[in-house]
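Chemist: Protein sequence lines, in the order shown, are assigned to chains Y and Z.
Position one of the first sequence corresponds to residue 1 (the numbering used here), numbered consecutively onward.
Position one of the second sequence corresponds to residue 1 (the numbering used here), numbered consecutively onward.
Derived by calculation from the structure, the hints in this document are not laboratory data.
Computed from the model, here is a short list of chain Z residues facing chain Y with C-beta under 7 Å:
1) Gly46
2) Gln50
3) Ser151
4) Arg162
5) Asn179
6) Leu252
7) Phe256
8) Gln292
9) Glu295
10) Ser304
As the structure is a prediction and not an experimental result, all values here were calculated from the model.
We put the beta carbon where it would ideally sit given N, CA and C, even for glycine.
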Amino acid sequence: MILRRFLAGSAAAALLALPLVGSPAAAQQEEAQYFPGLPYRSGPYAPSGIPLGSGYADYLAMLQARDGGINGVPIHYEECDTGYNNDRGVECYERLKDSGPTEPAAWHPLSTGITYALIPRVTQDEAPMLSIGYGRADAADGRVFPWIFNPPITYWAGADAIIQYIQAEEGGNLEGKKIALVYHDSAYGREPIATLERLAEEEGYELSLFPVAPPGLEQKATWLQVARQLRPDWTLMWGWGVMNSTAIQEAAAVGYPMDRFIGIWWSGTEPDARPAGQAGAGYKSLNFHATGTDFPAIQDILTHVYDQGNGSTERDTVGEVNYNRGVLNAAVTVEAVRAAQAEFGERPLTGEEVRWGLENLEISLERWKELGLDGFAGAISLSCEDHEGGGSAYVQQWNGSAWEPVSDWIQPRNDELRPAYEASAEQYAEEQGLELRDCSAM
Amino acid sequence: MNTRVLTWLVAVPAVVIGLGLLFQLLSLVEPSLYFTWAYYLEVLIGGTLQGVMYSLVALGFVLIFKASSVFNFAQGSMVLFAALTMVGMIEWGLHWTLAFLITAGVMVVLALVIERVVLRPLVNQPHIILFMATIGIFYFLDGLGQTLWGSDVKQLDIGIPRTPIFILESVFEGGILVNQFDIVAAAIGGILVLVLAIFFQKTRIGRALRAVADDHQAALSVGIPLKTIWAIVWSVAGFVALVTGVIWGSKLGVQFTLALIALKALPVLILGGLTSIPGAIVGGLIIGAGEQVAEVFLSTFIGSAIQDWFAYVLAMLFLLVRPQGLFGEKIIERV
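Take the sequences, apply the hints, and build the full model.
Modeler: Shown next, in the form of structure tokens:
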């Protein structure tokens, strides 16, 4: 068993070290579209990073095996393990950016910290970077962040969606209700506070904040305050890594009702809820894509990649939350490449051309279906100004062994969020001395 | 009765009541500070039980430091490796008791290998060299565990109940909430400490261990086999790591962040001293209770998420009074 796992790991590592195109590849590689990968397969966050990075790599491998690439253009994939470490993330970026046969199509740092570190570099290198479900919320303003994209939904929109869900559960009225936020005491964890405070003023609920010092191994005092002192009607969580599983178990330990405890999408994966087992049953979280393997595209991954022994993680992981999030990352990027190919021709594209594809990206519900991902995510529509795309999210609930959807898709109130993105982005532009891009000419 | 014990018996309730009265007074001045005696005791009991688990982690450090004057940087990764191995065995279909016994054997083998491959070639080297060797062991075990057992977060369930219960309901309205898991974990920790105390104080090997801890050269000169003692003490530390890993793994899930719980032992060691088993225990209890009380009752004044650094502040405050730690050996330097 151990030997088998070791050999499988070695084989996967060897495969990942190779480009996805066949050999002899020199001539063929020159015609390949280059996709660099920045997963975190080692370190304390590897339980999340391995499926996330593998979903991305496997979707590309499936397209290569099934279709010979994207519209006949082969895919060249290379990855570098960042270990979820900012320094290594930058080092990996520098190492990978010139190692492909053509310019990188797009970057996915898979970490808010690495995203922040790479923003100046991708801007200088004119390479598109996507932070799907993480990173800066105000990067939704394409006038200030021309190379950064954060579809389909930001943390601020996520906070809005959770409050809408709670409002519906409470019969439409939040006046006088108590809502607590337990959050990772970092830039990421503090992201929703401004939105929640604004909504508290509008909706009349009372917001209480409970920061947790990273990594969050110890939260007994926090949960005694939440469950024994404040006794809120609802508790939200913006957690990461071990903080999530600890919070769920501590909440259960003090008898907090699990069905009134809702996490953001990074607090709603299998590694977060699984350690609590049945004690965590009823816990909820937001998600912006479907889970499971019941999609033709994911079945194709199993057939064309795993059945051939080329999967980059264990087969059981396929369909889990983080894995499917990786698939979404890849699918959005590939659709942008397809859009750009329609404009510039079916050949390997430059970063600038892929950015054009991103800014003209339209993934309707019908298009998701054509991709073999019917109902997988909400519609996404990007533009020069809007790099978020107005995506939606839903609430899922842990049943003790798996996640189950318990709400319809919730559309965040973007009319109210958009001015906040623009104000924050303009402030950033002013601090950095940046000139706003004129999108009317695009 | 021993004067020191008597002092503790008087001082601890006095400090607990004194702090309670102080917080009650503060709650009158600052209405946003919530205080009831039941809530205060709830936080204090929860923190003390948590402190037993800190003591367990600290104990592994103390054992190895006592025998070899080495600060074992790898203790956290030993905890993780032990827990991963045990979960791996359970996943193979073994009952957890059998998995526990086999893992204890694995930890003994690991100790023997560490003694033979890492420590023996470094006998009589400066302590810093041995310390750096343990950093190497940390990274090796971290990587080995991941290679053998994968990176997934694993659930470890050995049947410890997790239901919250209410005690003293006749004294306080609504009672005081205590989780059964914390009580069981504290009981296991207490039994382990008792067994180790007997082992160190009453057995021949224990006396030899203490002799080695005092002076390697002197111990060797009277015929105590240093290599055997090191192998034994690393085996015992491995067993303590296993018990720690089982309890923390049951609580948090077995995952690579488990190695970070070693950080929770540092303020305990500063407070209790690196060479004292009672110090590790009492230090753990003080840090556990102190940080929880501070987080709940001082956060109104100095902000939340303070418990991690407050543990160090608490330890430093004690050091101002007793630089050698609570039970550490007094350093006397003659010039």
